[in-house]
Amino acid sequence: MNQLKIFRSLVKDSITNAMQGPRTYHWWMGILTFFMLLGAYSYYQQLSKGLVVTGMHDNVSWGLYISNFTFLVGVAAASVMLVMPTYVLKDVDFSKAVLIGEGLAVAALVMCLAFVTVDLGGPARAWHLIPIIGLFNWPRSMLSWDVLVLNGYLFINITIPLYILMSRYQNKEPNKKFYLPGAMISVFWAVGIHMVTAFLYAGLPARPFWNSSLLGPKFLASAFAAGPALIIIILEMINRFTSFKIEEKSLAKLALVVTVAAQINLIMLGSEIFKEFYTQTHHSLSAVYLYFGLHGHSGLVPWTYASLALNIIATGILTFHLIIKSYKWLTVACICLFVAIWIEKGMGLIIPGFIPGSWGEIVEYTPTWIEVGVTIGIWAMGAFLFTVLVKSAIGIEQGKLRFKDSV
Amino acid sequence: MDQENTCGHNCTCGSGKNAPVEDHGFNQTGDAKTSRRGALKKLTLGLLAGGGMAASSCSVLGDDIQKEKNSLKWDEFFKDNYRLMSKKEKNETVKRLERLYELNSGKKINVSSTGATENVLFGHAFNISKCQGYMDCVNACVEENNQDRSSQMQYIRIHEHKNGQINFELAEDDYFHEVPAAGHFYMGTQCYHCENPPCVEACPVGATWKEEDGIVVIDYDWCIGCRYCMAACPYDGRRFNWQEPQVPENEVNKDQHYLGNRLRKSGVMEKCTFCIQRSRNGKNPACVEACPTGARIFGNLLDPNSDIRWVLDNKKVFRLKEDLGTEPKFWYFMD
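Residue numbers (our numbering), protein chains in the order written: chain A, 1 to 407; chain B, 1001 to 1335.
Extracted from the complex, chain A is given alone in its bound form:
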């Protein structure tokens, strides 16, 4: 009962805290709210008219939504890059950043679930997925595995930070016996969510472009590049806009993670390109479409080369940083890498899986404005949620928010 009271007070304080801030903060939240409303309106259109308002069709039956979902699972998984050194390896470097990483994981997961939901033809019937009440096709369907691991990961990433913050909120030191096992599990679980999401695609022999044993490891490599890259960008923003200071050492360590992951990702990309093009078989046609276009259809080609160029530039800068031991261009490199992987692992992975179709038909896909609106809305929702979570986490960490027992 007492815990519940503390929790209520924490939520109340957090909401109050979330509504106060400098003018730039209000602008930021205002803009996000505008985009969320835009997304809600777009989704209303889609709900009333059906998925026909999207650019998807019987040939390319997944599009922008599932692309973003796939990418964001990686972002969520990457939060362990902060959790592991802090909680498990007792490397205190990251202790300040870790709550931010977990906040990012929660926001990314909520966005993932939102992207899957808006992709459903019958979201009202989504309760069929709930075990016992519905009919959960587990363990046969990889999608049912994904539902399980994503929700489990969300649960872990809500409970651990909540416990730590609740303790700090009451001026108590969190008990390691409670949160360390959870942190350990979350490390394995993070790898799990991304492997399972990769298996979702890799387990389909019908789509040769996805049916590759490299897909899982490549998902991990790209996630551990894009995720921490985003965290670096966020930490630098927090350094600039708040009084919460992240040590330069933490950033350097994160940069090392990003660099190594980006290098591995490039090696895997090279290996993939070699396999597709050295002995070009019938199964390489999707890759041909992606890199060169097929029979005059080349909608993805500019995106592919933009992604490839950004990827190489970013990895080059990061590697160079490692040699000269300076991080002058770190933010630029991280932004480049983030965008590169968003393209590569989003549309660059999902769309070619469907082109050419089962009988060689080539029908291209272009997202409609409604799809773009919903997508922007979900990203805005994620950013909004992340801002609120991190703002109260920082408030508690800095001692601004403390439980006052009024009774």
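A portion of the hints provided could be inaccurate.
What the hints assert, rightly or not - Reference listing, derived: stretches of chain B covered by chain A, where coverage requires no fewer than 3 residues with Cβ under 8 Å from a Cβ of chain A:
| # | segment |
| --- | --- |
| 1 | 1157-1170 |
| 2 | 1203-1213 |
| 3 | 1225-1239 |
Claimed, not checked - Covered by chain B, per the in silico footprint, the following chain A stretches (three or more residues, Cβ under 8 Å):
| # | segment |
| --- | --- |
| 4 | 153-164 |
| 5 | 203-214 |
| 6 | 305-311 |
In short, the hints are calculated from the structure, not lab data. Just so it is clear, the structure is predicted and the values come from calculations on it, not from any experiment. Beta carbons are placed, not taken as given, at the ideal position from N, Cα and C, and that holds for glycine.
Put chain B on the given structure of chain A with help from the hints.
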């Protein structure tokens, strides 16, 4: 017939429906499931009633037909997966669907829930030598199976190949010229009703499965529209309703089956069912009947005297993408 009596209280509050809800878990394998579903249903009902919504809908929407429709739709929304339904529940949902159609259009339909017959396993063979690309099968299929006219949904694709190769990449799927075109031959594809169907594995809610007689079916009311099955199918056998399907009332085939050609809704999958409403009544699928050249052979694979068995025993047959291990029950052969 008990539809009228379902809600004797003449409202949507559902107080009269408690009895059938109790029965849901009866006589059924997964009774734990449904009793909990019943609980969920009652809980939501209670919430609605608590919020005064049910009360207001009773008084404001004074229209009896509207009330009955709402009540039927309510029961439809909370019904179980077809595969887990008892015989009684199957009959009930079929009656609800018939009544709903009558309320909406004033016309009567007949929805069947006929199950598979023992010792029947359906298979289909396609004679490449005979097919001339007339597409009569495609049109018959659309009419028989109430497919969406607005998006021109078709289960069957006819591919026009140049002589000398079977290469689907180079085949023409949308030809608008006189057939048969010289130097060309034709091949039809549709759902192959695989013995080892990847779509069934993929579905996260078990809304699609293989029946005892080998037909791969979809429960249109259980499908959540995630389209994972569509990605998993190597044969382009599945279709999605991207919008509310439109079939003019006078064109609706009123002889329907729950797992077959009954009317679908927006946001769900559908596909060829070997015309389950016909084949389970001993008739050939519409495509087989419509083919003017006799290129399509359909029958029971377990019956040694069936036409399909004769083809398999006497012709050199092959299947497509056999390397995927899906074991289609759809063969091609030549004269």
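Evaluation of the provided hints:
Residues of the segment 1157-1170 of chain B lying with their CB closer than 8 Å to a CB of chain A number 6, which satisfies the three-residue condition for coverage. A stretch counts as covered by a chain when three or more of its residues have a beta carbon under 8 Å from one of that chain; for the segment 1203-1213 of chain B and chain A the count is 5, and the coverage holds. Requiring three or more residues with a Cβ within less than 8 Å of a Cβ of chain A, the coverage given for the segment 1225-1239 of chain B holds, as 12 such residues are present. Remark: the segment 153-164 of chain A is not confirmed as covered by chain B, as 0 of its residues place a Cβ nearer than 8 Å to a Cβ of that chain, below the required three.
Given as covered by chain B, the segment 203-214 of chain A passes the check, having 4 residues with a CB less than 8 Å from a CB of that chain where 3 are the minimum. Residue count for the segment 305-311 of chain A with a Cβ under 8 Å from a Cβ of chain B: 0. That is fewer than the three needed, and the coverage hint is violated.
The structure is inconsistent with the numbered hints 4, 6, although it conforms to all the rest.
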